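Novice: For reference, the chains in residue letters:
Protein chains: 2
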Amino acid sequence: MANKYNTVLVIGGEGEKCRLVAEGYGFKDVVTPGDIIKHNAATTPFRKLTPEELANSRERNFDDVVIDAVFVFADSRDWAGDIQIMLDVAMSQQGRLGTRSETFDEGPPFYFSHNDVVWSAAHEHVRLGMGALRRMFEITFRDLTDGKGKLHTHAFGKPQVSTFEFAERLMQSWRSTEHGISGPPQTVYFVGDTPESDIQGTNAINQVADNDWYSILVKTGVYQDGTEPAHKPRVTVNTVLDAVHHGIQREMRKKVVSSLKRNVLGQSECAGTETNPAIVDDDMLVSV
Amino acid sequence: MANKYNTVLVIGGEGEKCRLVAEGYGFKDVVTPGDIIKHNAATTPFRKLTPEELANSRERNFDDVVIDAVFVFADSRDWAGDIQIMLDVAMSQQGRLGTRSETFDEGPPFYFSHNDVVWSAAHEHVRLGMGALRRMFEITFRDLTDGKGKLHTHAFGKPQVSTFEFAERLMQSWRSTEHGISGPPQTVYFVGDTPESDIQGTNAINQVADNDWYSILVKTGVYQDGTEPAHKPRVTVNTVLDAVHHGIQREMRKKVVSSLKRNVLGQSECAGTETNPAIVDDDMLVSV
Chain F
1 MANKYNTVLV
11 IGGEGEKCRL
21 VAEGYGFKDV
31 VTPGDIIKHN
41 AATTPFRKLT
51 PEELANSRER
61 NFDDVVIDAV
71 FVFADSRDWA
81 GDIQIMLDVA
91 MSQQGRLGTR
101 SETFDEGPPF
111 YFSHNDVVWS
121 AAHEHVRLGM
131 GALRRMFEIT
141 FRDLTDGKGK
151 LHTHAFGKPQ
161 VSTFEFAERL
171 MQSWRSTEHG
181 ISGPPQTVYF
191 VGDTPESDIQ
201 GTNAINQVAD
211 NDWYSILVKT
221 GVYQDGTEPA
231 HKPRVTVNTV
241 LDAVHHGIQR
251 EMRKKVVSSL
261 KRNVLGQSEC
271 AGTETNPAIV
281 DDDMLVSV
Chain P
1 MANKYNTVLV
11 IGGEGEKCRL
21 VAEGYGFKDV
31 VTPGDIIKHN
41 AATTPFRKLT
51 PEELANSRER
61 NFDDVVIDAV
71 FVFADSRDWA
81 GDIQIMLDVA
91 MSQQGRLGTR
101 SETFDEGPPF
111 YFSHNDVVWS
121 AAHEHVRLGM
131 GALRRMFEIT
141 FRDLTDGKGK
151 LHTHAFGKPQ
161 VSTFEFAERL
171 MQSWRSTEHG
181 ISGPPQTVYF
191 VGDTPESDIQ
201 GTNAINQVAD
211 NDWYSILVKT
221 GVYQDGTEPA
231 HKPRVTVNTV
241 LDAVHHGIQR
251 EMRKKVVSSL
261 KRNVLGQSEC
271 AGTETNPAIV
281 DDDMLVSV
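Just so you know, the protein sequences line up as chains F and P, in that order.
What the first sequence shows, in the numbering used here, is residues 1 to 288, in sequence order.
What the second sequence shows, in the numbering used here, is residues 1 to 288, in sequence order.
The hints are simulated quantities; they were obtained by calculation from the structure and are not laboratory data.
Identical copies go unnamed one by one, so any copy, or any two together, can satisfy a pair.
Derived DSS-like pairs: lysine-lysine, alpha-carbon spacing no greater than 30 Å straight-line:
#1 Lys219 / Lys48
#2 Lys219 / Lys254
#3 Lys38 / Lys17
#4 Lys232 / Lys150
#5 Lys150 / Lys219
#6 Lys148 / Lys219
#7 Lys148 / Lys232
#8 Lys48 / Lys38
#9 Lys48 / Lys17
#10 Lys4 / Lys17
#11 Lys38 / Lys219
#12 Lys150 / Lys38
#13 Lys255 / Lys219
#14 Lys254 / Lys232
#15 Lys148 / Lys4
Bear in mind the structure is a predicted one, so any value in this text is a computation, not a measurement.
If we strip away everything but chain F, and leave its shape as in the complex, we get (with noise of 0.2 Å):
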């Protein structure tokens, strides 16, 4: 992704957060909607920025950029200003800012590392979450341009397979650097409280890899007790930790299986069928 785009527009986050990071990540040249909400305020009528975010945001011409992807890596905290700026760049001549496209269909592409509607937090019911905005975006895109213009638009993170296989990546660099083992883990359990995101993508996972991706649904979060999922895991549990307990019983009772097979029945056991799990907990996953 660094090395395939020169300038990236990043939403979300607080503050400068979000560019730090992805200048992290090796993007060369960052913008944030602070850099162009510095450059005229009028971009966004009703959001002032701060005096620490005005010194923050960098001066630039934005005649002379050229705008190549943009990431919506982290929640926004303006949602009308960024969807403003967004459809700006959407709506513009290979994301010039200023200009206007007269097909609308030649904007840069938009990354979303959040798809979720709806998530788990500290109120009684779900709130709003970045899948909320990325529809929102894209039905004012469509009202907009009349339904003529067309969005380059991109998930990252789950329930996107390439996400679980990054997980994996890293599982097996931490396996080989902190214990020496090399090779993925035989089993992965996949913990989850969302079925749209974390078991749809364990279940995909699970249909394309070598080993077993395990995917298990708690009852604490976003999954409401009693609804049926729109993705099934393969056991539902009350909490983290009743899923960890899960994992280390069937972990346990299949190497009872293997070492009664061994001893009783005297068959010997094959090579790499050896149990080596891995738990993964939801909270775990970098999904970048």
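Position chain P against the provided structure of chain F, taking the given hints into account.
Specialist: Quick look at chain P alone, frame taken from chain F:
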């Protein structure tokens, strides 16, 4: 309205302004999003009240509050938080915050005073308006209730005919008090920049009114010269000043024709056909 609804939630505007406006209209019990966030800060995970907002917001126990209606009076300053709170109310059992309806069809009515998706501001391109927020609210409600819920939403303001009737009553009362003229103006020139609200509404009241409502579209705002307006005005001119000139010239021509008929052709003028015009500029319309 103020007699019909006891407790109302008002959305939009800077600080406490909309609460004061609503109380000025006679609403007895006015709740703001700030009151709700002060009661439960987890309502909006990414909006914290400023010390000033915290001081102005009112402490109350929302377990005992029934919200009878919601009014979106002015531009929202926090779309994520306001849409979240509107959804919480719309999905509640009869306007009781913190509850969830099983049928999602028992929320209180929602009234929107500004329904334009975009509006013309200082920026070179039109900016998102409260019509876009309304659409996002409606789409998200449909998504979250799997299309089963039912919203009770109402537009007031343009292009609703009742708004134009209200303007006519205001003009009539002003003419009577200030100029001692009784009855409405024979012709009302309505000047606006937005085909979907100004022109549509003027043409609509013209269908039902006894007098003539004459729609004039200007090119200095939302409408883009060279495009096909969704609602056809009687005439399109460059600026508001051109619209005033157009109205005056049209009235002068009518006077000349009328005087020719009387003096040259000897026809007597019929009662009530005396020209008696009013020019209403969009910005002069009090729409609440």
